Amino acid sequence: ILNVEQSPQSLHVQEGDSTNFTCSFPSSNFYALHWYRWETAKSPKALFVMTLNGDEKKKGRISATLNTKEGYSYLYIKGSQPEDSATYLCALNAGGTSYGKLTFGQGTILTVHP
Amino acid sequence: KAGVTQTPRYLIKTRGQQVTLSCSPISGHRSVSWYQQTPGQGLQFLFEYFSETQRNKGNFPGRFSGRQFSNSRSEMNVSTLELGDSALYLCASSPTKAGVYNEQFFGPGTRLTVL
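From first to last, the protein sequence lines are chains A and B.
In terms of the working numbering, the first sequence opens at residue 1 and continues consecutively.
In terms of the working numbering, the second sequence opens at residue 1001 and continues consecutively.
A few of these clues could be false.
What the hints assert, rightly or not - Listed next, the in silico SDA-like pairs over lysine to any residue satisfying Cα-Cα at most 25 Å (straight line):
| no. | chain 1 | residue 1 | chain 2 | residue 2 |
| --- | --- | --- | --- | --- |
| 1 | A | LYS42 | B | GLY1042 |
| 2 | A | LYS42 | B | LEU1112 |
| 3 | A | LYS42 | B | GLN1006 |
| 4 | A | LYS69 | A | LEU2 |
| 5 | A | LYS45 | B | VAL1100 |
| 6 | A | LYS45 | B | LEU1011 |
| 7 | A | LYS58 | B | VAL1100 |
| 8 | B | LYS1057 | A | ASN29 |
| 9 | A | LYS42 | B | THR1005 |
| 10 | A | LYS42 | B | THR1113 |
| 11 | B | LYS1001 | A | GLU39 |
| 12 | A | LYS45 | B | LEU1021 |
| 13 | B | LYS1013 | B | THR1038 |
| 14 | A | LYS45 | B | ASN1056 |
| 15 | A | LYS58 | B | GLU1103 |
| 16 | A | LYS42 | A | GLY79 |
| 17 | A | LYS59 | B | TYR1101 |
| 18 | A | LYS58 | B | ASN1102 |
| 19 | A | LYS42 | B | THR1080 |
| 20 | B | LYS1057 | A | GLY79 |
| 21 | A | LYS78 | A | TRP38 |
| 22 | A | LYS45 | B | TYR1101 |
| 23 | B | LYS1057 | A | PRO26 |
| 24 | A | LYS59 | A | VAL13 |
| 25 | A | LYS42 | A | ILE62 |
| 26 | A | LYS59 | A | PRO114 |
| 27 | A | LYS59 | A | THR19 |
| 28 | A | LYS42 | B | SER1027 |
| 29 | B | LYS1001 | B | ARG1073 |
| 30 | A | LYS45 | B | GLN1037 |
| 31 | A | LYS78 | A | ARG61 |
| 32 | A | LYS45 | B | THR1007 |
| 33 | A | LYS69 | A | GLN9 |
| 34 | A | LYS45 | B | GLY1042 |
| 35 | A | LYS59 | A | THR103 |
| 36 | A | LYS42 | B | LEU1011 |
| 37 | A | LYS78 | B | GLU1103 |
| 38 | A | LYS69 | A | MET50 |
| 39 | B | LYS1057 | B | ARG1067 |
These are computed hints drawn from the structure, not numbers from a lab.
No experiment lies behind these values; they were computed from the predicted model shown.
Construct the complete structure from the given sequences, taking the supplied hints into account.
What follows is the structure, given as structure tokens:
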């Protein structure tokens, strides 16, 4: 069984705080790591897809890093805003033909207080 | 481009019945994946179809099945419903082709309640 673990499970921060979450995965069978944001009553939306060790991606105030050798990825949010409140999911493509098969972690629930 | 659509959005069934859920992918996307979301288990992969063929399958019993049509629309079927099948079922489409790991685009989901 493939385990993708996220920590913390939930996080409460104040508006303006910077925060980060962790996604851990088995480094063997790694092909791609995805981050998704899932807001209440909406659909999950992709933030990043990363495939290369050492990869860093950025979108506005959100960035992510990837270490495939040790099996982890970090997601950073700089200057959190209330609209950043959501569940952040990481997911793994593990296997050469796993293009449409994602194994998700349990998610980190972020609440940003005004 | 229109997004991924799923019908119906809500469904109530009783134990023992069967149900069919439908998913229309984004135009041009040939891969459709299905996921089950429950509070205890999170998002679990059911299966993926690509060009009308099941390309990947998750660890679900044979009561769960699916298919894909030539226009890439997909259906999933659950037979002999159990209470534990109550969940949000999400489908996602992707332009994924061999050698490329693309993001998935999710639909709004179908909320199934089994009584």
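Comparing the hints with the structure gives:
no.: 1; hint: A:LYS42 / B:GLY1042; in the structure: holds (16 Å)
no.: 2; hint: A:LYS42 / B:LEU1112; in the structure: holds (17 Å)
no.: 3; hint: A:LYS42 / B:GLN1006; in the structure: holds (13 Å)
no.: 4; hint: A:LYS69 / A:LEU2; in the structure: holds (16 Å)
no.: 5; hint: A:LYS45 / B:VAL1100; in the structure: holds (19 Å)
no.: 6; hint: A:LYS45 / B:LEU1011; in the structure: holds (24 Å)
no.: 7; hint: A:LYS58 / B:VAL1100; in the structure: holds (20 Å)
no.: 8; hint: B:LYS1057 / A:ASN29; in the structure: holds (17 Å)
no.: 9; hint: A:LYS42 / B:THR1005; in the structure: holds (13 Å)
no.: 10; hint: A:LYS42 / B:THR1113; in the structure: holds (19 Å)
no.: 11; hint: B:LYS1001 / A:GLU39; in the structure: holds (21 Å)
no.: 12; hint: A:LYS45 / B:LEU1021; in the structure: holds (21 Å)
no.: 13; hint: B:LYS1013 / B:THR1038; in the structure: holds (17 Å)
no.: 14; hint: A:LYS45 / B:ASN1056; in the structure: holds (22 Å)
no.: 15; hint: A:LYS58 / B:GLU1103; in the structure: holds (15 Å)
no.: 16; hint: A:LYS42 / A:GLY79; in the structure: holds (23 Å)
no.: 17; hint: A:LYS59 / B:TYR1101; in the structure: holds (19 Å)
no.: 18; hint: A:LYS58 / B:ASN1102; in the structure: holds (17 Å)
no.: 19; hint: A:LYS42 / B:THR1080; in the structure: violated (29 Å)
no.: 20; hint: B:LYS1057 / A:GLY79; in the structure: violated (40 Å)
no.: 21; hint: A:LYS78 / A:TRP38; in the structure: holds (18 Å)
no.: 22; hint: A:LYS45 / B:TYR1101; in the structure: holds (15 Å)
no.: 23; hint: B:LYS1057 / A:PRO26; in the structure: holds (20 Å)
no.: 24; hint: A:LYS59 / A:VAL13; in the structure: holds (20 Å)
no.: 25; hint: A:LYS42 / A:ILE62; in the structure: holds (19 Å)
no.: 26; hint: A:LYS59 / A:PRO114; in the structure: holds (22 Å)
no.: 27; hint: A:LYS59 / A:THR19; in the structure: holds (15 Å)
no.: 28; hint: A:LYS42 / B:SER1027; in the structure: holds (20 Å)
no.: 29; hint: B:LYS1001 / B:ARG1073; in the structure: holds (16 Å)
no.: 30; hint: A:LYS45 / B:GLN1037; in the structure: holds (15 Å)
no.: 31; hint: A:LYS78 / A:ARG61; in the structure: holds (5 Å)
no.: 32; hint: A:LYS45 / B:THR1007; in the structure: holds (19 Å)
no.: 33; hint: A:LYS69 / A:GLN9; in the structure: holds (24 Å)
no.: 34; hint: A:LYS45 / B:GLY1042; in the structure: holds (16 Å)
no.: 35; hint: A:LYS59 / A:THR103; in the structure: holds (23 Å)
no.: 36; hint: A:LYS42 / B:LEU1011; in the structure: holds (18 Å)
no.: 37; hint: A:LYS78 / B:GLU1103; in the structure: holds (23 Å)
no.: 38; hint: A:LYS69 / A:MET50; in the structure: holds (14 Å)
no.: 39; hint: B:LYS1057 / B:ARG1067; in the structure: holds (12 Å)
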